[in-house]
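> Spelled out, the chains give:
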Amino acid sequence: MLLPSAAVAFALSATGHAAGMDKPVLHTGSFDAKIEYCQDCHGPSGQGYRGFYPIPRLAGQQTEYFENQLHAFVERRRPNNIMANVAHVLSPAMITHLASRFHSMNPAPLGGGPRQLIAAGRKVFEDGVPDANVAACAACHGPDALGRGQIPRLAGQLYPYLLKELTNWSLERGQNPAHPDTSFIMAPVAHSLTRSEIEAVAAYLSNLK
Amino acid sequence: MKHIPVKLAALVAISVAASVLAARSENLAVRNCTWCHGAAAQGYTPAPRLAGQKPQYIENQLVSLRAHRRNNPFSKQNMWGAAGGLSPQAVHDLAVYFSSLTPRAADDGDHELAAAGQSIYQTGIPDANIAACVACHGPNAEGAGMIPRIGGLAYTYLKRRLEQWGEGYHPTAQPPMPRVATKLSRDQIEALASYLSFVK
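From first to last, the protein sequence lines are chains L and W. The numbering of the first sequence is the numbering used here, which starts it at 16 and goes up by one. The numbering of the second sequence is the numbering used here, which starts it at 2 and goes up by one.
Simulated crosslink set (DSS-like; lysine-lysine; CA at most 30 Å straight-line):
| hint | chain 1 | residue 1 | chain 2 | residue 2 |
| --- | --- | --- | --- | --- |
| 1 | W | Lys184 | W | Lys77 |
| 2 | W | Lys55 | W | Lys201 |
| 3 | W | Lys160 | W | Lys77 |
| 4 | W | Lys55 | W | Lys160 |
| 5 | L | Lys179 | W | Lys55 |
| 6 | W | Lys201 | L | Lys179 |
Keep in mind that the hints were calculated from the coordinates and are not lab data. Treat the numbers as computed from the prediction; the structure is a model and nothing was measured.
Here chain L stands alone, though its shape is the one from the complex (with noise of 0.2 Å):
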């Protein structure tokens, strides 16, 4: 929990921000153009969009896990030159601008996981997996799976986004062992699930409003 409050207060120190605002002054018309820019890729509703790569939903997401990625992609814990080019150019008081519209959006889900495999998706996110010793998802992600925190929302979230985050964890996250980060967590989890309670519990949650 400490990155978060970490680049909240870089946010607050950069700024000039006076104490007991709620945010840092930030120009309306450069706001509005760079949430354009990210809606541009990510869904006018921050849904979402299915394009070569899965790009994943925005819409509802925890601001604090949110900040923590476009940190994670400047510092290379996210190997993603897309990403790490737009966030690149962002202000800490951009970031905090921007995580708050996007937690606060709440479109339906883009949907598209197989309908068949929402049970037994439901089941693995509830109760875990105890033959491989994995925890049941909702013990953090929450009971609706909205996520708290540095914990994302995974509700509503993209089919195909999710079975590449599961299946490349190791691969994708914590990449950068200088700025080692919270993802070490999921790490034994997406090891521990098989492909197909992968497919299972994605399809359920990319259904879940």
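Given chain L, work out where chain W should sit, using these hints.
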């Protein structure tokens, strides 16, 4: 009873083979397309290359041409009529046929602009809020699903299409293209169109 499924399977196999053959031989509908799009469907200015295009994209374009939603001048002049009489089955068959042909790159852009175009394509221009094309169109500009293959299309076609988004054509198009392309300057469009014309 045992023989009926076998006979059915044989019938199905024959009819599938026949429809594939029918689509591949040069039928009248295909001939109508290749008059303008080139005998090998590799494009012939200003008609774009159809070979190797994503089938879902071809279908969507034929449907929007028939409905007059794709409304740039050449579409209006040449394609509204051509697409007007096509049945849904014909639209589907043409899309499957042209997507199965191997595309060749037009190679007709300005070599000196290609590096600048490649940079916009791969990373966008974050400071100017211009999105990276690669996220949706793919690392080789091959497209995906309803997102078109744009690698290797002709320079003039790419240039005009990119300009037209900002000129108010295709007003009912889905996001994100109208807004993404509208942000591009003339120089950026020429660089992108150059780069893409060389992509194999």
